[in-house]
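Top to bottom, those sequences are chains B and R.
One point on numbering: in this note's numbering, the residue at position 242 of the first sequence is 244, and numbering is uninterrupted.
One point on numbering: in this note's numbering, the residue at position 233 of the second sequence is 501, and numbering is uninterrupted.
Misleading hints may appear alongside valid ones.
[Stated by the list, open to error] Short, incomplete list of chain B residues facing chain R, as computed with Cβ under 10 Å:
| no. | residue |
| --- | --- |
| 1 | 121 |
| 2 | 229 |
| 3 | 239 |
| 4 | 240 |
| 5 | 249 |
| 6 | 252 |
| 7 | 253 |
| 8 | 264 |
| 9 | 266 |
| 10 | 267 |
| 11 | 271 |
| 12 | 403 |
Hints listed in this document are in silico derivations from the structure and should not be mistaken for laboratory results.
Each residue gets a CB set at the ideal place from its N, CA and C atoms; glycine is no exception.
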Amino acid sequence: MTAIEQPAPHLYDEMLCSEGVHAHYQAYLRWLENTPDATLEQKRREADTLFRRFGITFNVYGEEEGTERLIPFDLIPRIIPSSEWNHLELGLRQRVTALNRFLHDIYHDQEILNAGIIPAEQVLTNQQFQTAMLGVDLPGNNYIPITGVDLIRDSNGEYFVLEDNLRTPSGVSYMLENRKMMMRLFPELFLAQSVAPVEHYPNLLLETLQSASDADSPCVVVLTPGRYNSAFFEHAFLAQQMGVPLVEGADLFVRNGCVFMRTTTGPRQVHVIYRRIDDAFLDPLAFNPDSMLGVPGLLSAYRDGNIILANALGTGVADDKSIYPYVPNMIRFYLDEEPILNNVPTWVCRREEDLSYVLDHLEELVVKEVHGAGGYGMLIGPKANRDELNKFRQLLRDNPANYIAQPTLCLSTCPTMVSEGIAPRHIDLRPFVLSGSEIKLVPGGLTRVALREGSLVVNSSQGGGTKDTWVLEGNPC
Amino acid sequence: MLSRTANSIYWMARSLERAENLTRLLDVSHNMSLMPNSKGGQQELLAPLTITGRLDQFRETFSQLSAEALLEFFLFDECNDGSIFSCIRSARDNAHSVRDKLSSEAWESINTTWLELRHRRQRGISHEGVKSLIDWIKQRSHEFRGAAYGTMLHNNVFHFMRLGTFIERADNTARILRVKLEVMESQHNSNHAIDFYQWNALLQSLGAYEAYHVKYTGGLTTRNVTELLILSAELPRSLRYCIGALMSQLIAIEGDQGQAAKRLCAELHARLEYGEVDFITRFGLHEYLNDLLRRIHTIGDEIHRSYWEGA
């Protein structure tokens, strides 16, 4: 095979290191070196054809013909040794537990705000804060049955949490389909090494959703905006794998405070809705009145405790950029533990000492508006000129509370098949955490890869691809 | 089962069956137009347009009625919502919205058909020729049916699928027979040679040519063809067979809904099961077919009312 392009010395590479290759990649690399280019190329084409035939696609908004696109799939897996995964798993359980406690707290006694750990106005004036949730008791106090946590690694290989996704995290279907594809294309790899299975995720998801309801045999449904939604494949896939109905808003209605779906044998009561629709579209009577996707009266049924929504309403306040810096303190406050997984170091400019650090190191940092998104209102220190730096110094001094700052990120890389051969590309990792009567994870998650050289953008809407993610059981040999 | 899901499954099956029927129709019409002594060349070409009720729409787009224009219109025309391309697109769109209810093999079959059809449309008809295109569409339809039969649970989803297939097929057989009859009447059916080719073509289009010769010895007669296509209990495209299948699917669907549809279907089935070809002839074949079509449409309306409007 063609040589693997060496990773940049200042970045952490998942496969290669200064001593050659990480122990957990040895067996794979040996296989890769013995596999002819032509075989890899043929397998790559086969994967493309199969994904297209299976209809494993995502939809791109605003495009007419051929709106269904494939997410590029890379054949080279991202491998995680089990010792590393065990550490991640502990950290994820801890973090999700604290976030759930936080959500219950802010919609009830607000102890964390009273204790001054998080400034009250940061939470109460947040757009994602749902006053409708104040005082509402959920079974098991469970707000976030499904969580996706985005992790990255710095140049030393340490894992950091980049972002929590507590609303409707997506991508798990690609995790499952990628594994199926790899097993189909390269069965010999799975015979040679023991890769921890992920295929039972839909079972765990169903158990989690069922356990959220007190009903005897709860009727669970997946609520989708419809087949033009970018993640429709995933909605249909999960419904099918769990064996539950895939419904649209118009299939549901509220009568006598309960939610029903229209079936060929008449109305049938629904107990749990795994909703893949944002808060604002759930109920046209309570939120966006123009929403065609929602169910009129859903909020009132929800507040009466007659329907479970997964995830709960109003969880977005906990994954907001302005709240993110406080998650380590949430862990300390609710659990009395030190965080196992760290945040990307973040300076909260409303704090005086943070502000003075940021002003002194502006050339090295990325400064973001707390409520900004999509790269607006942002300063990238190393790429900014003197005028821009001065302008931001002024902005920071005028309204420090509006900004946070982080070091310029350096995501780890993983060898990836590109048109020129095999070259390092930046990746992240999104494990999925299921919280029901207990917290469950399948080993690994979705690895996203930025296919453009040097790019840090792993989003599928902007040319990102995915890789199969292996957690190797036992010791690598 | 969700009403919307049932509706999508039903229309998926109807669209697919419609595409197959249309393909069969085009096949015959194509063959007939190649016949040197067929005086009614134009009439052959008209037949698919009359059967599907799209003559006006065709004239809006094409100035002349030619075999090429007809094929273009019915195979690949995107603006013609009755074209094979549009039918398969609609079938695939419906399948897509309920893909979680199909077996993966059934879904992949219909999705592959759609992807390849787009590809073939880009290459154009002349690339591989009409005949092989027609064969390909028929094969794809068979493959989907096989995948669905062989891999899906024979539960409500399946019943609604078969419901769509058989109501579309019954409608098609009745229409095709009616139009053939009109063509032959207009050609002064004293000429037995032309009669022969007409009936021959009709049987071919319904895949019933071999069946005819198994059941009847001797030449093709109006009486026998009528009996086979309307009253046969064995021919999968006969009206009796389709209505019988429709009835058993309706009965198999869970729940008490659809009483009116079941009653109408059972009445119609009794007429066909105990029907006699002499009665049909006395009644007038043309009028008999009109009556059948009206009844089939009423059953379709009742299915709509009970399963997706009433819920």
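A quick look at each hint next to the structure:
no.	hint	result
1	121	45 Å, violated
2	229	5 Å, holds
3	239	7 Å, holds
4	240	8 Å, holds
5	249	6 Å, holds
6	252	7 Å, holds
7	253	5 Å, holds
8	264	4 Å, holds
9	266	5 Å, holds
10	267	3 Å, holds
11	271	14 Å, violated
12	403	47 Å, violated
Checked against the numbered hints listed earlier, the structure breaks hints 1, 11, 12; every other hint is satisfied.
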